[in-house]
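Protein chains in written order, with the numbering used here: chain A, 1398 to 1507; chain B, 1191 to 1303.
Careful, some of the hints might be misleading.
A few chain A residues that don't get close to chain B, going by computed Cβ distances all over 12 Å [stated by the list, open to error]:
| hint | residue |
| --- | --- |
| 1 | Glu1414 |
| 2 | Ser1416 |
| 3 | Thr1423 |
| 4 | Gly1426 |
| 5 | Gly1429 |
| 6 | Leu1444 |
| 7 | Pro1477 |
| 8 | Glu1478 |
| 9 | Arg1494 |
| 10 | Leu1495 |
| 11 | Lys1499 |
| 12 | Val1504 |
Taking lysine-lysine pairs in the DSSO-like style, the calculated list, with each CA pair at most 30 Å apart, reads [stated by the list, open to error]:
| hint | chain 1 | residue 1 | chain 2 | residue 2 |
| --- | --- | --- | --- | --- |
| 13 | B | Lys1199 | A | Lys1439 |
| 14 | B | Lys1204 | A | Lys1454 |
| 15 | B | Lys1199 | A | Lys1465 |
| 16 | A | Lys1499 | A | Lys1476 |
Simulated from the structure, these hints should not be mistaken for lab results. The beta carbon of each residue, even a glycine, is placed where N, CA and C say it ideally should be.
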Amino acid sequence: EDQVTQSPEALRLQEGESSSLNCSYTVSGLRGLFWYRQDPGKGPEFLFTLYSAGEEKEKERLKATLTKKESFLHITAPKPEDSATYLCAVQDYGNNRLAFGKGNQVVVIP
Amino acid sequence: NAGVTQTPKFQVLKTGQSMTLQCAQDMNHEYMSWYRQDPGMGLRLIHYSVGAGITDQGEVPNGYNVSRSTTEDFPLRLLSAAPSQTSVYFCASREDRGKNEQFFGPGTRLTVL
């Protein structure tokens, strides 16, 4: 069974204080790893897909990286608008389904 | 494009009542799915569909039915609501098996008393 564990569960950052979120996963064969952002009361919003170890993707202050066992979402010089819950999900070659982690709740304090 | 739309946004039911959560997408996506999100549990897949006329069960299908008569619509039916079905429900769609960018609707917050 696919498993996804995200840490830390919650994180408070000062504006400008860079940090990283971790997503550890177990799958039989990784088809893709996905990061989403979710604001309170809204649906998840797609950020990145990573397909193979060593791959990196960037969007504004966010950078996602992937190894064979985990992914990191680096937040560089965060701003209050980066406050959200970040969700990690994996898909293996065996099925179409995404297995989600419980999320990293990030609060950026001005 | 409106993307993925869901109605209603909020709903309160009594135990034993039935209802249908509506989901529609205007992106001509083949793959659609329903998730529920509970505190401390993450998103869990209820049912999914890979195209019109084809549906399958996800991780937590009990108490829910789905059908897919058109590409655009994927309603979720609660047959006899139970308090354990109190949750936030999200519908999602993506282009097909090979396209992994999944678009989510705004969600329906359901309370069962």
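Problem set entry | Those earlier numbered hints the structure runs against, lowest number first | Numbers 5, 6, 9, 10, 11, 14 and 15, in rising order.
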